[in-house]
Amino acid sequence: MSDVRERLAGRPRPALWIMAARFKTVSLSLMPVLAGSWLAAGQGLWRPDVTLAAMLAAAAIQIGTNLWNDAADAERGVDRDDRLGPPRMTALGLLKAPQVRRVALAAFGVSVVAGLYLTALGGWPIVAIGLASLAFGYLYSMGPYPMSGLPFGEALVILFFGLVAVSGTAWLQGVAPLAPQTLALGAMIGLPGAAVLMLNNHRDRAQDARAGRRTLAIVIGDRPSRLVYFVFLLGALAVATWLRPALTLAPAGLLALWLGHAMWHWPISARLNRLIAQTALFQMLLLIGVVTG
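For what it's worth, my numbering labels the leading residue of the sequence shown as 1, then goes sequentially.
In short, the hints are calculated from the structure, not lab data.
Warning: the hint list may mix true and false statements.
Simulated DEER-style distance windows between Cβ atoms [unchecked claim]:
hint : residue 1 : residue 2 : range
1    : G93       : D222      : 43 to 49 Å
2    : L45       : P245      : 41 to 47 Å
3    : A277      : W242      : 47 to 53 Å
In silico lysine to any residue, SDA-like type, Cα no more than 20 Å apart, as pairs [to be verified]:
hint : residue 1 : residue 2
4    : K24       : A280
5    : K24       : A277
6    : K24       : M284
7    : K96       : P180
8    : K96       : R214
9    : K24       : A246
Ideal placement from N, C-alpha and C gives every residue a C-beta, glycine not left out.
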């Protein structure tokens, strides 16, 4: 880790914050909002103000969660010298934990402000969704049993970053939130997000087990974790094909095959980090394929 610290120490400070916030995967919180807005646009109900406010709230919650996780994991000793995942700024000593927490709280504050606007439009259901999302962001790394170390993280990602986010955005714009198409689109968006988490947990199985965590990857083991990752991708692709069978889904399908092959054959190492952004790209290609098909 000292080599990584030396390499990053000369980076501009804004670059360190961008890495701490994990901007490479922020699209995971934006795609559900765009998906729900696409449904609304198809029915002539699209509201740009709702889309922008929802994107701001969703991105701020994810960034706040990532920053809080960066500080919390470092203080609990989860991020150690043998870490294989992307570098964590607090653990490397490049950013101070109290400062990272303050910025995380500021991000959560931005999400609250954006959420207040959405609440004025949608009422108590949006309050419930917002509070649950903020609680998820905080409890992901905090409390006596952080959710990041439990075996149902992937299910929560499918729920919050898929079904709830798509249905909530669609409902705010007048689309039926429980319609089959809405729920299918939510599943299509949520499954790749769960695949990203499975990838991270699979890579970090040894370190997480030593820290007392019980992620799904630890519970089911090496090969099943690799298989579940691929099943998540194939499931999302199958839902997309059901929604709109079209040649425009071919790029996502080819990428899914490549990702599945890499996940199955690559050993556990820092090399797996290359697949994180590519899995987020797969999600984006799926939505593009459905929208343009």
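For each hint, the structure was consulted:
Under the hint 43 to 49 Å, the C-beta atoms of G93 and D222, about 32 Å apart, miss the expected range. The given range of 41 to 47 Å is broken by L45 and P245, whose C-beta atoms sit roughly 25 Å from each other. Checked against the given bound of 47 to 53 Å, the beta carbons of A277 and W242, roughly 27 Å apart, lie outside it. Distance check on the hinted pair: K24 and A280 sit about 8 Å apart at the alpha-carbon level, within 20 Å; holds.
Straight-line distance between C-alpha atoms of K24 and A277 comes to about 6 Å, which keeps the hinted pair within the 20 Å bound. At most 20 Å may separate the alpha-carbon atoms for a hinted pair to count; K24 and M284 meet this at roughly 13 Å. Among the hinted pairs, K96 with P180 is inconsistent with the structure: their alpha-carbon atoms are about 46 Å apart, more than 20 Å. Between the alpha carbons of K96 and R214 the distance comes to roughly 28 Å, so the proposed pair goes past 20 Å and is violated.
Between K24 and A246, the direct Cα distance comes to roughly 28 Å. Violation of the 20 Å bound is thereby established for this hinted pair.
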